[in-house]
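S.K.: Sequence:
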Amino acid sequence: MSSPKERRLQVVVLGARGVGSGASAGAALGEGRRKVQITLVCPKDRGGEAFGAKVSPWTTPGLDADQQLRFGQSGLHCTFPLGASAPAVVRDARFSESAQLRIRLLASMVPTAPQNSAFGAVAKLLPSALTEGVSQELDEVTASIEAEAAIPLANIVSGRVGFAADRALGGWVPLRRVASQGSPLSEELPLQIWMQMYVLPDHEAMLPMLKAQLEEELARHRKVPKAAPPRPQGGYQG
Numbered sequence: 001m002s003s004p005k006e007r008r009l010q011v012v013v014l015g016a017r018g019v020g021s022g023a024s025a026g027a028a029l030g031e032g033r034r035k036v037q038i039t040l041v042c043p044k045d046r047g048g049e050a051f052g053a054k055v056s057p058w059t060t061p062g063l064d065a066d067q068q069l070r071f072g073q074s075g076l077h078c079t080f081p082l083g084a085s086a087p088a089v090v091r092d093a094r095f096s097e098s099a100q101l102r103i104r105l106l107a108s109m110v111p112t113a114p115q116n117s118a119f120g121a122v123a124k125l126l127p128s129a130l131t132e133g134v135s136q137e138l139d140e141v142t143a144s145i146e147a148e149a150a151i152p153l154a155n156i157v158s159g160r161v162g163f164a165a166d167r168a169l170g171g172w173v174p175l176r177r178v179a180s181q182g183s184p185l186s187e188e189l190p191l192q193i194w195m196q197m198y199v200l201p202d203h204e205a206m207l208p209m210l211k212a213q214l215e216e217e218l219a220r221h222r223k224v225p226k227a228a229p230p231r232p233q234g235g236y237q238g
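For the sequence shown, the numbering used here begins at 1 and goes up steadily by one.
By construction, these hints were calculated from the structure, which means they are not laboratory data. Any given hint could turn out to be false.
Stated by the list, open to error - Pairwise CB distance ranges (calculated): (1) ALA205 with ASN155: 15 to 23 angstroms; (2) GLU216 with PRO43: 36 to 44 angstroms; (3) ALA93 with GLU216: 38 to 46 angstroms.
No residue lacks a Cβ here, since even glycine has one placed at the ideal position from N, Cα and C.
Sequences and hints are given; from them, build the entire structure.
M.R.: Now the structure itself:
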């Protein structure tokens with residue numbers, strides 16, 4: 001039997017679709033780069049500082065009708081320890097029932113080329129390393145939350161031996177669009193994010209199925225028009 005210290009939450013975020021499709025989302029959001037941010041939060045750590053935020057590279061939406069994008073070559077892969085090596089907050093008796101996996105899609109207000117012709121004109125006169133650095137800094141400074149979702153950890157974690165939570169599967173998860181002031185926005189097309197959430201060693205028997213599911217979705221993404229190469233950013237890329 002696996003020891004408790006090995007227990008960990010695994011999260012894979014492959015991509016998003018419906019980006020910038022909301023009627024009230026705004027033209028600037030539709031043109032800007034995106035990145036996904038994953039945190040594990042609870043009442044005693046509402047910002048998720050104990051685990052730290054896992055983030056993807058800034059990525060430009062694709063050219064297809066669904067405005068799809070993929071975070072890195074094979075998605076953003078995150079690990080949150082839940083055993084002996086986990087942050088102290090995990091040892092709280094109410095952690096498992098109160099914690100939530102928070103997924104946020106962040107949007108840069110800096111339009112991408114060719115829309116941002118002014119920046120493009122200046123960029124031609126500067127070294128590429130400098131313009132890339134400036135662009136990344138502008139992305140961070142102007143970033144706002146476009147959409148988010150919160151999934152209870154209890155819906156993912158296996159509660160007893162031989163029991164696998166029904167959420168330990170992959171697929172498209174709907175996100176709630178939010179305005180800059182934090183109020184919900186109506187939308188014409190749903191904004192969704194493709195992800196997998198499971199706990200090891202609880203769901204170890206499901207790993208072959210989860211791997212096959214991820215490979216199948218990756219194959220679909222390779223068939224859609226490619227977005228511009230993502231810009232380097234912190235976080236593990238699988």
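S.K.: Each hint needs a verdict: does it hold in this structure or not?
M.R.: Structure-based check of all given hints:
Between ALA205 and ASN155 the CB atoms are about 19 angstroms apart, so this pair conforms to the stated range of 15 to 23 angstroms. Range check, GLU216 to PRO43: about 38 angstroms between beta-carbon atoms, so the 36 to 44 angstroms window is met. Take ALA93 and GLU216: their Cβ atoms lie about 40 angstroms apart, and the range 38 to 46 angstroms holds.
Checked against the numbered hints given earlier, this structure breaks none of them.
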